[in-house]
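There are 2 protein chains.
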Amino acid sequence: MSKPVSMYAPIPMVAGPVTLHPDVIEAIARDYGSGQIEPDFLPLYKETAGKLAGLMGTDDDVVLMTGEGMLALWGALKSCLKRGDAVLTVGTGVFGDGMADMAESMGCKVTKVSLPYDSTIGNGDSLAQIEAAIKRCRPVMITAVHCETPSGTLNPLAELGAMKQRLGVPLLCVDAVASLGGASIDAKAWNIDLVMAGSQKCLSAPPTMSIVSVSPTAWDIMANVNYQGYDAILPFKTIYKDGRCPYTPSWHGVAALHAAADALLREGLEAAFARHAIVAKQCREGLARIGVPVFPRPDAVSAPTVTAAMVPEKYTWPAWRQALRERGLIVSGSFGPMAGKVFRLGHMGTQADPILMQKALAAVEDALR
Amino acid sequence: MSKPVSMYAPIPMVAGPVTLHPDVIEAIARDYGSGQIEPDFLPLYKETAGKLAGLMGTDDDVVLMTGEGMLALWGALKSCLKRGDAVLTVGTGVFGDGMADMAESMGCKVTKVSLPYDSTIGNGDSLAQIEAAIKRCRPVMITAVHCETPSGTLNPLAELGAMKQRLGVPLLCVDAVASLGGASIDAKAWNIDLVMAGSQKCLSAPPTMSIVSVSPTAWDIMANVNYQGYDAILPFKTIYKDGRCPYTPSWHGVAALHAAADALLREGLEAAFARHAIVAKQCREGLARIGVPVFPRPDAVSAPTVTAAMVPEKYTWPAWRQALRERGLIVSGSFGPMAGKVFRLGHMGTQADPILMQKALAAVEDALR
Chain A
1 MSKPVSMYAP IPMVAGPVTL HPDVIEAIAR DYGSGQIEPD FLPLYKETAG
51 KLAGLMGTDD DVVLMTGEGM LALWGALKSC LKRGDAVLTV GTGVFGDGMA
101 DMAESMGCKV TKVSLPYDST IGNGDSLAQI EAAIKRCRPV MITAVHCETP
151 SGTLNPLAEL GAMKQRLGVP LLCVDAVASL GGASIDAKAW NIDLVMAGSQ
201 KCLSAPPTMS IVSVSPTAWD IMANVNYQGY DAILPFKTIY KDGRCPYTPS
251 WHGVAALHAA ADALLREGLE AAFARHAIVA KQCREGLARI GVPVFPRPDA
301 VSAPTVTAAM VPEKYTWPAW RQALRERGLI VSGSFGPMAG KVFRLGHMGT
351 QADPILMQKA LAAVEDALR
Chain B
1 MSKPVSMYAP IPMVAGPVTL HPDVIEAIAR DYGSGQIEPD FLPLYKETAG
51 KLAGLMGTDD DVVLMTGEGM LALWGALKSC LKRGDAVLTV GTGVFGDGMA
101 DMAESMGCKV TKVSLPYDST IGNGDSLAQI EAAIKRCRPV MITAVHCETP
151 SGTLNPLAEL GAMKQRLGVP LLCVDAVASL GGASIDAKAW NIDLVMAGSQ
201 KCLSAPPTMS IVSVSPTAWD IMANVNYQGY DAILPFKTIY KDGRCPYTPS
251 WHGVAALHAA ADALLREGLE AAFARHAIVA KQCREGLARI GVPVFPRPDA
301 VSAPTVTAAM VPEKYTWPAW RQALRERGLI VSGSFGPMAG KVFRLGHMGT
351 QADPILMQKA LAAVEDALR
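These protein sequence lines are chains A and B, in that order. Numbering follows UniProt numbering, with no gaps: position 140 of the first sequence is 140. Numbering follows UniProt numbering, with no gaps: position 345 of the second sequence is 345.
One or more hints might be untrue.
Since the list gives no way to pick one copy over another, a pair counts as held whenever it fits inside one copy or between any two copies.
[Said to hold, decoys possible] Think about it this way: if two alpha-carbon atoms lie no more than 27 Å apart in a straight line, the pair counts; the simulated BS3-like pairs of lysine-lysine are: (1) LYS82 <-> LYS109; (2) LYS135 <-> LYS359; (3) LYS46 <-> LYS314; (4) LYS188 <-> LYS359; (5) LYS82 <-> LYS281; (6) LYS82 <-> LYS241; (7) LYS359 <-> LYS46; (8) LYS359 <-> LYS237.
Just so you know, the hints here were simulated from the structure itself, not pulled from any lab data.
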């Protein structure tokens, strides 16, 4: 099958859903049997989950649920937390702080360490702030975001994970929606109990699947909480116990993830991560050359999967977006306090491609002329 | 594109996910842009929702969410009900009674009218029982199931809807997962506030999309409850208000539903319903001829989309399933009290096909020889 080209843009550089991998299109372009009946489905599910565990750097169980990435986030919180539980959210951007809103809506006692959106964990005295907050609120769970897409940053998590372990916090829950497959994740070494991800970012699949790794501690806590709902993760334990699926599984969704993970493993994880890092560097250096400043402060860690840059001063965001679109380049805007000021180039998955980035930079340069 | 044939069975007659419609495969076998960015997506969403509203017999807003059909069920309950709310569940099968378990897990005060699983609403004194229960518990919501798949029955809902209206119950919430597109639904005439459906039954699409119609009363109640979660329906109101999508929408999922609804509308709804009814009759009469009794009692309404029949006495269920599979016929088992005793032929969507049914009946006959 030939390389899929978006009908919508010659230069698709959105922060997801990204252009599909050709193998993913091939996997979804067909009929399957019933995932509840055919004996081929469960082995595919388990094999896919295992490949994704490899991408996460864990040997914990991995659960695949039908729904957009937010399903993984809600599922992890609701499955592990009861009303009144203390939660510490670490935010360096819209999604990190958004976890606080989610936990608050569930009636949890939330302590929020909200760091500047252009920084990453480790900048300034952020680790000391987090440590003090943990000692103060004694949380059941710490939440953090690996790649903060709207800010274009990647949070280092090793020290946070070590702190979690040292201070005896039961759970560390990490949103890796925009990093899984594009950046190294070492869930085991970083003591992450729940890695949450989605299909439509670095995996280059449609936005139909949620992925969550579950540590033994997380399974125990889930069994105790016994939350029920579409986003409940505990029912998926039966897949590992007795091969029974809760609900009707999406064979297409699992097949898409299988093809996506396979493509990454065939390339080699180190090679894939290097490709993302190289294209990200190309993007940052190219923008600097053109005179477009990036959003994160210089000592923050830039994301290898997405670059957040400043909308040029002589443009409004809608006019800038339109100027780029007229040159075939589709980019994303940003959210929260950065909305209207920051635009984003998503170079993840199939879009982490040096030729595509070259075209994107040429379009940016031309629009600025 | 040629008619898709399941690799898994020459005669796929499962109760869903059914064999995909060729137009659906064509719709999902491609790359799309970002549903949050490209101007083509929202018109497609709204047009698809409108077509599905037509299938439901309503002009209420219809919401399309990414997830398996159970997402529609959980979403409707959690979006409309608060802890302590009185709910009346009407069950003539596993799914109808299952709604009681779901509402109970949410802390609602549940009154359960559980009718025999081989009957349908209207049999015996069922309507009097329901009326008495409504007067006793004064529910915020009545739940019912249109097609009770595990029982192979279709509940008449006109009288229940009239009763709901007459007694001033705010909400009637109907699971139409296994009937939408295969049987006439007149949500407006039947006073249904929430019709809940999924993509993988009569619509012949993969199990990735949930569909819910929302009456003005239901929107008001949702705004008051203000439930938050992946399955929250209220955030989808913004699509109709200001064109903003909550979360990342699935363009593939919506395109699949669009193709599915289009195929049904092209055939003509009356013709499609007639096709289902004819194949269902062919199934019941064929089984009677062979000597396989159907499960519902004679005065119950049989489903036009699925037939539940008794596993022949000389077979265990696994042996019967295997005997049919050896003849190329894949059927479904049943759940709850019917598990092991009842098997099901799903003749919905693409599988409501007289030739396929002829092959299925020949396989059953051969297995019994």
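Find the hints from earlier in the document that the structure breaks and name them by number, from lowest to highest. 2, 3, 4, 5, 7 and 8
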